[in-house]
Each structure stands twice: as C-alpha cells, then as structure tokens.
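Undergrad: These are the residues of each chain, in order.
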Amino acid sequence: MKKEEVPQDKSFFKEEHGKELCYAVDDQGNYTTALSSGWEAKTIALNNALSVIEERIADAKQRVLENKTSPIEYYMEVCKMELPILASYVGMWQWRVKRHFKPSVFKKLSQKALQKYAEVFDISVEQLKNIELTDS
Amino acid sequence: MKIDFEHQQSAHCENGVVSNLMKHNGYEVSEPMVFGIGSGLLFCYIPFVKINYAPLITYRAMAGFIFNRFAKRVGIKIKREKFKDPEKARARLDENLQKNNPVGLQVGVYNLVYFPDEYRFHFNAHNLVVYGKENDNYLISDPVMQHVTTLTDKQLEKVRYAKGPFAPNGHMYYPIAFPETLELEKAIKKGIKHTCREMLAPVPIVGAKGVKTVAKMIRKWPKKLGSKKTNHYLGQIVRMQEEIGTGGGGFRYIYAAFLQEASALLKNGKLSELSKEMTEIGDQWRDFALDASRLYKNRSVQEDGYNKVADQLEAIGNREADFFRKLKRAI
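In the order they appear, the protein sequences are chains A and B. Those letters in the first sequence? Residues 1 to 136, by our numbering. Those letters in the second sequence? Residues 1 to 331, by our numbering.
Since the hints were made in silico from the structure, they are not lab data. Where is the CB? At the ideal position from N, CA and C, for every residue including glycine. Incorrect hints may appear among the rest.
[Stated by the list, open to error] Listing some non-contacts, in silico: residues in chain A with all C-beta distances to chain B over 12 Å:
{"no.": "1", "residue": "Lys61"}
{"no.": "2", "residue": "Gln62"}
{"no.": "3", "residue": "Thr69"}
{"no.": "4", "residue": "Lys102"}
{"no.": "5", "residue": "Pro103"}
{"no.": "6", "residue": "Lys107"}
{"no.": "7", "residue": "Lys108"}
{"no.": "8", "residue": "Ser110"}
{"no.": "9", "residue": "Gln111"}
{"no.": "10", "residue": "Gln115"}
{"no.": "11", "residue": "Ala118"}
{"no.": "12", "residue": "Ser124"}
{"no.": "13", "residue": "Glu126"}
[To be verified] Ranges between beta-carbon positions, derived for each pair:
{"no.": "14", "chain 1": "B", "residue 1": "Pro204", "chain 2": "A", "residue 2": "Pro84", "range": "18 to 28 Å"}
{"no.": "15", "chain 1": "A", "residue 1": "Pro84", "chain 2": "B", "residue 2": "Val203", "range": "21 to 31 Å"}
{"no.": "16", "chain 1": "B", "residue 1": "Lys326", "chain 2": "A", "residue 2": "Asp26", "range": "21 to 31 Å"}
{"no.": "17", "chain 1": "A", "residue 1": "Lys129", "chain 2": "B", "residue 2": "Lys193", "range": "52 to 62 Å"}
Isolated chain B (complex conformation):
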C-alpha cells in the first residue's frame, strides 16, 4: 500500500518530519516555523561528554524536544511508542500504514544504506517518515534527502534497533489530535521567549555565554592539547555547525527565516529587522567555519591562527547576547 504523502526536502530531519506530517494532515506549517515555535535554536558546549573523541557541541535543542514543544504550543497531540520487541514494532508500523497513517520514526544513521558511507556514524537521533509498504519494501521519506527512497524489512529493523547513546528502541510517533484552527501567534511568542531565555542563560556552557566559553577554550587548547587535538576539536565544532542538516550557519539561517515569517504573521516590523541581523550572524558563523577548517588544512599555522578564529567566535558570542536581548524586547 502507498499513502498519498508529499515528500518535501528540508534542512533538518526533525523539523522536516513534523512539517511534512502537518502538511499531510492539512496544516501548512513551514520548517522554520516548526523550528522557531519548538525553540530549536540553541548553543551548548558539554566538555564532559565526548562524541568521536571530541567534546559535544550542539547548535540545537535535543532530539524530540522541538516536536514536543511545538505540539504543546500549537495544541496538537502526539502519540509516541517504543517497543522492546522488533516484531511488535513492525506490526504496529504496518497497522498504521494500513490505516493510511504515515508515521515518523527515530532511527540510527550508521546502517542507513542510502546515506553516503562517509556520513554514516553511530548517530541515533535521525528522523524519517514511512508512508507505505510495497512487497517487502518500506517507502521512506527522509526529509534531508532530495528524493524518496525505500528500505527492506531487514534494513528498517536494523536502523530502528540501532544501539548506543539515544538508542531509538523502535521509537515511532505521529500526531493524533489537532485543534480546530491552528493559532500560531501565541505559539510564536512563546517559542521566541523560550529561545531568548536559553540563549541568555547565566550558565557558562549554554547560549551566548557558551559561545564565548568555547572561544576561550580555543585559545587554550593548542598549548594544553597540542595542535593535532585542537584541530580535531575544531573540526568537530565545524561538523556540528554545518554537517548535520543545519541549513547552514548552525541553524541561524533557519531561525532568520522563522523571524521573517513571524514578522509577517505578527505584523511586527522589528522582527523583520532582527531577521536580517540573524542572517548576518549566520554569515559570521560561516566565516568562522571556513577559517577554522582551513586552519587545519594548512598545517603550517601559528598560534596566531587559533587566536584569530577565537576572536571571531568571541565576536559572535557578544553579538548573539546583544541580539537576543533585543529580540526579547521586540516581542
């Protein structure tokens, strides 16, 4: 069976799944809108959690949070299910497909065969939609991919039961109840306030303060860890910023797109101005990524190079602190 489901590519998997599922149910909500209302934007530096032997840095809220907040703020209900037994997981999936209900799944990336090999790491918080089954093949709409694809029964089970941190355990979710009309205005304000609160949090590893902390660390790393490890850490920062479906600039462009959309909906001109500024901040992040990555391509760098990218990052941190103060006042 094949459900009539429109695949639309998105930058990030979770926003994309939500946006596509909402559209399927007759509610036109863009990816940036989901991201903004769900307060997806964040910066967090967690030095004591290592991923691929480098500290964890994230530019967005944790997997699942965006959809949960979005659902709560616009008043939709989501059903989430996890299964110990893969057989049951498959049966429930088939049951939903029979009922013409496309569902979102959390999966691991490592065994996702349609991904380029180079991108297949043990990362378990990827999301996709299953919208049908033909013979033994599940029809897959992976929002970060340009086109729809398929996975066999076995392949799907493997990614649904990937192990390690954030193991999906067959996690399946879909919206079950909708409000009569979608009222976005209030939800947008809530979403923005929440993001401002997090980005201005008085904690050294979160938000604008977190950015400045990382800038400080970059100055220390070469002496403390040597240039090899420093380069590896910088590489991790760049990867988290650009690689995993961020839409560019560590989600800052998506957020700018959200502010622009919100400005029209709330008839608030200030938000449109702030959207432009967010775009500039995104550009600054891109410049930082390019300079940081070139640093370790040219092995002949002096310490000066590290200080330069640290300066860039510090400037971004100051600007974001200023930006979110303005945003808070504008709403």
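Same shape as in the complex, but just chain A:
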C-alpha cells in the first residue's frame, strides 16, 4: 500500500476518537506510517457483526415476551455476551446460568441472585425483571 492510498473513508471513529495508524510505503519505497480515518471494507464487516447482534437481541426480546426465555438471556445479548462470558462474570457454572434462562426458574430466583445479574448488566433489579423498562 502506498502512502497516498491509505483509505480515508468514513467510519465509526469520530473526531474525538482520533485516527488509526497504518503502515505504508512512501515515494522512495521506504516504509512509513500514515493515519487512516477508516476503510470501507472494515466498516462493512463491523456493520455486519453489529447487525448479527441486533438480530440476536430482537430475537431474544421476542422470546422473552412470549415467555419462552427469561430476561437474563435478553440482557446477555444486549451486553454482547455469550454464555461462557456471562457465567464467568456472575461466577456461576454455565449450566446454572442456562437454567436461569427458564422463565419458571427465573421467577423463583432470590433477590441476591437477581442483584448479581443486575450488577453485571449494569441495570436495576426492576429493569431486570421487566425488559420493557429498558429501551433498546
């Protein structure tokens, strides 16, 4: 990549985030660094990854409303987590967290357990119990 070819497309990096560094060659063929504000390929790839997460969130929300899963799964998706990550944050076995996805089990959760989940998701226990209180 030549220095003048370093892409300057629009991306998620805003003014305050600054630009990122790329390696490129100058006119004499010597390596140097140049700042890039973004690149089309990267933006498309990132958008794709984000839209996959959006879909997962919407799907989880739907299933919570249909009483097929508990809000814990919904908030897990909102926080871009996967089961092993969530289990590690709340300090429980994965199967236990998975069990808490069951609406019937979720209803019987102790205040302490709810508190723990709420803390990890950075929300209140009320929000945890009722996903309609969180807008996303």
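Mind docking chain B on chain A? Use the hints.
TA: Positioned in the frame of chain A, the structure of chain B alone reads:
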C-alpha cells in the same frame, strides 16, 4: 504524579506497549522491530473455537507471546504479575507509579470508555500503559489511540478485571533488566526463522497451508451453511484481518516494514527485495478483504462470487508458502 513518558501511536497494542516501554528506558526499538523479533506474524484457523459465533481466525501470535519472545531474544527481563484481589492490584500499580516506573497492563475492551461503542466487544487481550495518576484519574497511554487519555480508579479496575476467555486478572508487566547493549542482529535472525517455521508448518490450519484451507472452506460454506452464515464468517475473517490494530493487510505491512529495517541492519539486500514482495502480498490481502466485504453488501451475489474470493485467498496461500521458503533461504 506524572511520569515523563512519550506516547507514540502504533498500529497494534502489544507491539506498541513494548516499543514505548523500551523507548522510555532508553532503547530505540520500532514497532515493526518488536513484531518481527517477537515472531508476531502468523496465520491460524481454528474452526472449533467460535468467537462471536464464527470460527476463530488469527493473523498474529497469541497475546503475550510477542513480548516474551522479543524479551528472550534481545535479553531483557520482564516482570509479570497477576492479582486475585483488585485492591492489591491497585496498590502494586500505585507503588510502581510512585517509583517512576510506567507499566503495561492487559485489559478487556468492553468497558474501555474511550473506545468507540461499536468497537467494544468482549475482547480481553488489549494492552495499554499507565504512566501516572492525578487525583483519582490514571493517565493512560493506549498505543492504538492517537492521543493519551485518562481512566478513573473504578473504570480501570473494571477493565483490569474483565471476565471471560483470556481474563486479565489484573495482569501487569514491565521490563526490569536490560542488557548493556541491545544486539538486534541475532535476535532478528531468530525471529525470522521462527516465523518461517510457523508459516511453513505442515499443519492444515496453520500458516500458508491454513490460508489455503480457509480458501477451500469458503467454497464449501455457501452450500453447507447458506449465504447468511457464510457472509458472517467472511465478515469475521475481514474483521480479524483489518480491524484490530493490524496496520493493514493482516499485519503483512508491519512485517514488510520489519524486513526493510532488518535489511539495513543485517546489510542483506535480499531482505529488502523480500520486503517489497511482502508489501505486494499485503495488497493482495487488502483486495481480498474489499471483495469479500462487498460480497455480502450486495446481496445479489451468485456462488461465483464466493469462488472468486476463494481463488484470491488460494493465490495468497501459494504465494506466502513460496515467500517464506525464499525468506528462510535468505537468512
């Protein structure tokens, strides 16, 4: 207190932290040099490990390896510490700052407030330097950012104790002993040999062979998984190649810069020629990324499109195999 520390932006976090810490201690070592000596370049496809619901593909050595190899090869000693107790982690950090010693920290990205939201995934192998503390704010030099920044006590603790795979557990590191003079020549040769060995490894998921395996998979995915999942997988490849501080072309440009620097130091003209070829390979990777990403932007693609990017990747795999054979002979 504020340590007199020069922040220099780099493409990748780990190289950047090492390069900046070395400079702080009076040794001028560039980012590509750290990357090359630490044998950072790699390709690895791990289908049974999923990240964000797509197979893991990496273009570089695992976090921590680059610094360890670099340290061993140039003869510096690093101290690494992990702490169960966040209180202790903070106390040790403050103690080092009191002693005028900037330290590297491993952190999770998800709660890193100065990152753009869109980039905040649960990725735990990010690195930064803390170079001071003013009131409740830690002074942060994050090598991938253009400017220095700050984090509060709470914010820093949160990222130091991120959970999940590769959890940092407060991991802190800094060099403690240096050789009298830095002898890079031997270290460079060792670094290059190691990279050639890995890139030519007779394993179908590693190095040039790994690249060709992925090319093969891309041909199979549309039939096996459908176009939606295939696009998601392709997106993951592109992201790993370009997004996480690779300096462009999946670290290939940084490596080309290293070969150019090494050529001057070792007075070996062949390396300079090979640097040019590595740049071309980097360009090929960029073309692949652009075509692959456009594939799933235009939903109206036929299978032909997938075969085309697979062809591109296969060509890269063949060229890299050839390249590292030449590099091995040149050293």
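Undergrad: Would you mind marking each hint as holding or not holding in the structure?
TA: How the hints compare with the structure:
1. Lys61: holds (18 Å)
2. Gln62: holds (18 Å)
3. Thr69: holds (17 Å)
4. Lys102: holds (22 Å)
5. Pro103: holds (24 Å)
6. Lys107: holds (26 Å)
7. Lys108: Lysine 108 of chain A clear of chain B: closest Cβ-Cβ about 25 Å, beyond 12 Å.
8. Ser110: holds (22 Å)
9. Gln111: holds (22 Å)
10. Gln115: Holds, since 17 Å exceeds 12 Å.
11. Ala118: Non-interface label on alanine 118 of chain A holds, nearest chain B Cβ at 16 Å vs cutoff 12 Å.
12. Ser124: holds (18 Å)
13. Glu126: holds (23 Å)
14. B/Pro204 x A/Pro84: 18 to 28 Å: Holds, since proline 204 of chain B and proline 84 of chain A (Cβ atoms, about 27 Å apart) stay within the stated range.
15. A/Pro84 x B/Val203: 21 to 31 Å: Between proline 84 of chain A and valine 203 of chain B, where Cβ atoms are some 26 Å apart, the hint holds.
16. B/Lys326 x A/Asp26: 21 to 31 Å: About 25 Å separates the Cβ atoms of lysine 326 of chain B and aspartate 26 of chain A, which means 21 to 31 Å holds.
17. A/Lys129 x B/Lys193: 52 to 62 Å: Roughly 60 Å apart at Cβ, these two residues keep to the hinted range, so it holds.
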